[in-house]
Amino acid sequence: MTTQPQIKNQGTPNNAPAKQTVTSRGTTTVADGVVAKVAGIAAQDIPGVYALGGGAARALGSIREAVGQKDLTQGVSVEVGQTQVAVDVTLVVEYPHPLQKVADDVRDAIYAAVEDVVGMEVTEVNVSITDIHIASDDADEKSAATQRNDDQGGQREARVS
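Numbering of the sequence shown is given in our numbering, commencing with residue 1 and proceeding in unit increments.
In case anyone wonders, no lab produced these hints; they're calculated from the structure.
Be careful, since some hints might not be right.
What the hints assert, rightly or not - Here are the in silico distance ranges between beta carbons for each label pair:
#1 Thr29 / Ala135: 40 to 46 Å
#2 Ile132 / Asp108: 18 to 24 Å
#3 Glu94 / Thr123: 26 to 32 Å
#4 Ser24 / Lys101: 17 to 23 Å
#5 Asp45 / Gly119: 40 to 46 Å
#6 Leu99 / Thr123: 20 to 26 Å
#7 Ser136 / Thr83: 32 to 38 Å
#8 Gln82 / Pro47: 19 to 25 Å
#9 Ile132 / Arg25: 27 to 33 Å
#10 Gln100 / Thr23: 39 to 45 Å
#11 Ser136 / Thr29: 52 to 58 Å
#12 Asp104 / Gln82: 43 to 49 Å
#13 Gly26 / Val117: 28 to 34 Å
#14 Thr29 / Thr123: 40 to 46 Å
Beta carbons are placed, not taken as given, at the ideal position from N, Cα and C, and that holds for glycine.
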């Protein structure tokens with residue numbers, strides 16, 4: 001006799017809600033953070049997505065990256081039920097990618113990734129585009145820094161106290 005898996009949503013040791021599947025062969029628990037990470041990875045793989053998260057989250061993320069860590073859940077929040085999940089994602093799109101196409105592609109990728117990898121039904125994916133990244137802004141900043149460096153003769157003077 002085969003038993004149907006039962007899915008429970010209960011806390012993990014660190015009090016993060018989790019999806020727990022109980023079968024005759026054992027128990028599998030998936031934390032909410034894992035679901036958010038899967039969604040974040042899926043969103044970052046879409047052409048036109050420059051970054052995830054709003055301004056403050058990206059600033060904190062750049063500090064994390066400077067010390068060698070990357071937060072794959074930045075800009076992603078999930079609400080996990082017993083068998084379903086809802087995802088909210090905030091992103092920055094590269095100019096000139098069509099915003100609606102990028103949002104639709106992100107939505108499709110998150111649906112597919114969460115349903116395939118986690119095995120939960122996705123009820124909705126809400127996409128918020130908070131900014132557009134323009135590559136010329138980066139070039140302008142780099143050229144200004146290069147110009148300042150050239151004005152100093154290409155080298156910084158050593159300061160001695």
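Okay, the hints, checked on the actual structure:
no., hint, verdict
1, Thr29 / Ala135: 40 to 46 Å, "holds, 43 Å"
2, Ile132 / Asp108: 18 to 24 Å, "holds, 21 Å"
3, Glu94 / Thr123: 26 to 32 Å, "holds, 29 Å"
4, Ser24 / Lys101: 17 to 23 Å, "violated, 45 Å"
5, Asp45 / Gly119: 40 to 46 Å, "violated, 20 Å"
6, Leu99 / Thr123: 20 to 26 Å, "holds, 23 Å"
7, Ser136 / Thr83: 32 to 38 Å, "violated, 46 Å"
8, Gln82 / Pro47: 19 to 25 Å, "violated, 34 Å"
9, Ile132 / Arg25: 27 to 33 Å, "violated, 49 Å"
10, Gln100 / Thr23: 39 to 45 Å, "holds, 41 Å"
11, Ser136 / Thr29: 52 to 58 Å, "violated, 47 Å"
12, Asp104 / Gln82: 43 to 49 Å, "violated, 28 Å"
13, Gly26 / Val117: 28 to 34 Å, "violated, 19 Å"
14, Thr29 / Thr123: 40 to 46 Å, "violated, 21 Å"
In summary, the structure is inconsistent with hints 4, 5, 7, 8, 9, 11, 12, 13 and 14 from the numbered list given earlier, while agreeing with the others.
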